[in-house]
Amino acid sequence: MTDVTDLGIAQLRDGIRIGSFSAREVADAFVVKVSRAKALNAFIVETPDHAIAAAKDADAARAAGETLKPLAGVPIGMKDLFATKGVQTTAASHILEGFKPVYESTVSQRLWDAGAGMLGKLNMDQFAMGSSNETSYFGNVISPWRRGGGDNAPLAPGGSSGGSSAAIAARVVPGATGTDTGGSIRQPAAFTGISGIKPTYGRCSRWGVVAFASSLDQAGPMARSVKDCAILLENMAGFDPKDSTSLELPVPKWEANLSGNLRGKKIGIPKEYRVDGMPAEIEALWQQGIDWLKDAGAEIVEVSLPHTKYALPAYYIIAPAEASSNLARYDGVRYGLRELAEGQNLQDMYAATRAAGFGDEVKRRILIGTYVLSAGFYDAYYTQAQKVRTLIARDFENAWTYCDLLLTPTAPSAAFALGDKSADPLAMYLNDVFTVPSSLAGLPAMSVPGGLDKGGLPLGLQIIGKPLDEQGVLDAGLAIEERAGFTARPESWW
Amino acid sequence: MSVDTATVKKVASLARIAISDADAERLAPELNNILGWIEQLSEVDTANVEPTTAVIPNTLRLREDVVTEGKQRDAVLQNAPQGEHGFFTVPKVVE
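One line per chain: the protein sequences are A and B, in this order.
Okay, so the first sequence: first residue is -6 according to the numbering used here, each after it adds one.
Okay, so the second sequence: first residue is 7 according to the numbering used here, each after it adds one.
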C-alpha cells in the first residue's frame, strides 16, 4: 500500500485521475500529516476543511464522468503572503494578526480554479524579510533536516519561504507556493533539498500578494521535483489585468514540453560567482553540476558578469526603499493592529501601532529604506542603486550573447543552525549573494537539489535563464535532477 | 557618513515608528554597519547609465475610465480596528 503522502504533485494528480486512490483519501492523509507536524512550526493556520472540500469536488467530478481540472483534488500549502478570502493572512506579522481578507489573491484563486485544495497558511519570515525564518511573529520554522552524528541543533529551513520548504521536505505537503524577492524561493529550496522556481518578473500576478519590494516580488512554486514545479507554475502564471506589471502573454505548456536533453544549449559559468571563502563542497557540487549538464549534451562556456559584487548592496537599498513605501499602509486605521493610549493623537497612534506591530528586521529595513529615500541621500543611494541595477541587467544581456543559461550554486553554504546568524544582519544578507543578481534583472531562476554536504545536509544548484525562458530553466533543472538522483530525505523526528 | 542616535530618531519619526532612546542606541551602530557596506556602490562609475525603472520591458496598460467596482463599504470596513457609521474611526485630529 502506497503512502500517498510520499507522492508528488504529478503522481497525486494522475492517481486521482485514474482512480488509484480517491482525492478524499489524499486530503485526509495530508491533513493528518499537517496535524502531526506541529514541531516544525511550518503552519500559522491549518485549513483542513478547504483541502477536503476540494477533494470532495474532485471525487464528485470523477464519479460524474466529468473531465477533471488540472489539479483536481491535489492539496497544497499556501505561503501566508497570499491573501486568502476569509482565512487569516498575516505575512507572519503581528500588525496583520487576525486580518481576514475579503478577497482572494490572483495566484491562489488560479490554483483553486484548477481544483487544488489548501492545507493551510505557511509560516515565513515576517513580510518576507529574512533568509532563515527567524523573523516570524509566530516563531521560527524548524527545518526537518538535522546534521548527522547526533547533532540535534535546530537548523534554518531557509527564508523567507521557510514554512513552504520545511513542509515540503517533511512530506507534510506535496507542494506549496512561495514568493521570491531576492532568493526567497531558491535559498529555502536549496537548504531543504527540494526544487523551486522564480519565474520571469510579471509571469505571476502580484495582486493580493502582500507587497515587500514591488519591482522584485514574484510568486513561484516549490515542490519535490522539477516536473511538479512546472505543473504548479502553469496553474499559477498568467495575465492579470489587476496587476499593471503582469505580462500579457499566454502560459506555455511547460510540463508537456519538459525535456532533459540539452543538446545545442550553451551553459554559462559566471566566473564572478567563485567568491572568496566558498566551501570546497559547494565548489565541488558546482563542478559536478557542470559535468551533469555536459552529459546532458550542453556545451559549457565561461562568462563574466562584472558587476556581480554590487548586486547585494544595490538590493539592500532598493528592496528596503520599496518596503518602506509599501509598508506605510500598516498604520492602525484600515486593518490589523491598533495601539492607542488614552489621550494620544493620530501621529502617536501610527507610531505606536507600527512600533508594536513590526518585528526588528522589518523595522530595520523600513528605517534603512526611509533613510536612503530621504532628502539629501536619495541620489547618492537610491538613484545610484537603480543605475547599478541597470549595469547588472546589462551584464546578463551581454552574457546571453554567449550562452543560453547560467549555472551557479544557489547559496554559499548548506543550512546553518537557527541563531547562528540572527545577531548579525549583514552576515544574514550575504546568504543571498547568488540569488539576488537575477532577481534585480527580473530573470527566471530555479534551485534544484544536487547532493549532500559532509554533514548530510542538502546543497542546491541554481539555473538562471533569459527573460521568459522558464522552459530552458526547467529543462536544465530536469537534466540535473535526472543525474543527481537526489532521494535523500530527513528522518522523521517531529 | 555616520548615523548617530539623533539621525536614527529623525528617520524613525519619518517612518512613523516610535522608538525609545535605548532602541536608537542599539540601532545606530547596526544601521551604520549596513550603510557602510552599501557605500561600496559609490565606487561604480554610473556617469552615463540610466537608472532602471522597469525590470522587464512592458508598457503600462490603461483601462477604460469607468467605475468598475463600488458599493463595497462593508467589505472595505470589515477589518478596520474601529469603524463607526460607515467610516474608519481615528483619534481626534483637530482640537
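Just so you know, these hints were derived from the structure itself, not from any lab.
Since we're looking at a predicted model, the values are computed, not measured.
A portion of the hints provided could be inaccurate.
Computed cross-link-like contacts, EDC-like style, restricted to lysine to aspartate or glutamate with a CA-CA straight-line distance of at most 20 Å [claimed, not checked]:
#, chain 1, residue 1, chain 2, residue 2
1, A, Lys302, A, Glu241
2, B, Lys15, B, Glu36
3, A, Lys459, A, Glu248
4, B, Lys15, A, Asp341
5, B, Lys77, A, Glu97
6, A, Lys235, B, Asp71
7, A, Lys93, B, Glu70
8, B, Lys16, A, Asp341
9, A, Lys302, B, Glu49
10, A, Lys302, B, Asp27
11, A, Lys235, A, Glu248
12, A, Lys62, A, Glu90
13, B, Lys16, A, Glu241
14, A, Lys459, A, Glu295
15, B, Lys16, A, Glu354
16, A, Lys235, A, Glu97
17, A, Lys235, B, Glu70
18, A, Lys447, A, Asp288
19, B, Lys15, A, Glu354
20, A, Lys235, A, Asp106
21, B, Lys98, A, Glu332
22, B, Lys98, A, Asp341
23, A, Lys31, A, Asp21
24, A, Lys302, A, Glu390
25, B, Lys15, A, Glu276
26, A, Lys264, A, Glu274
27, A, Lys302, B, Glu45
28, A, Lys414, B, Glu36
29, A, Lys26, A, Asp(-4)
30, A, Lys78, A, Glu39
31, A, Lys78, B, Glu75
**OP:** Against the structure, test the hints numbered earlier, and report the numbers of the ones violated in rising order.
**Re:** Hint check: 1, 7, 10, 11, 12, 13, 18 and 25 fail, others pass.
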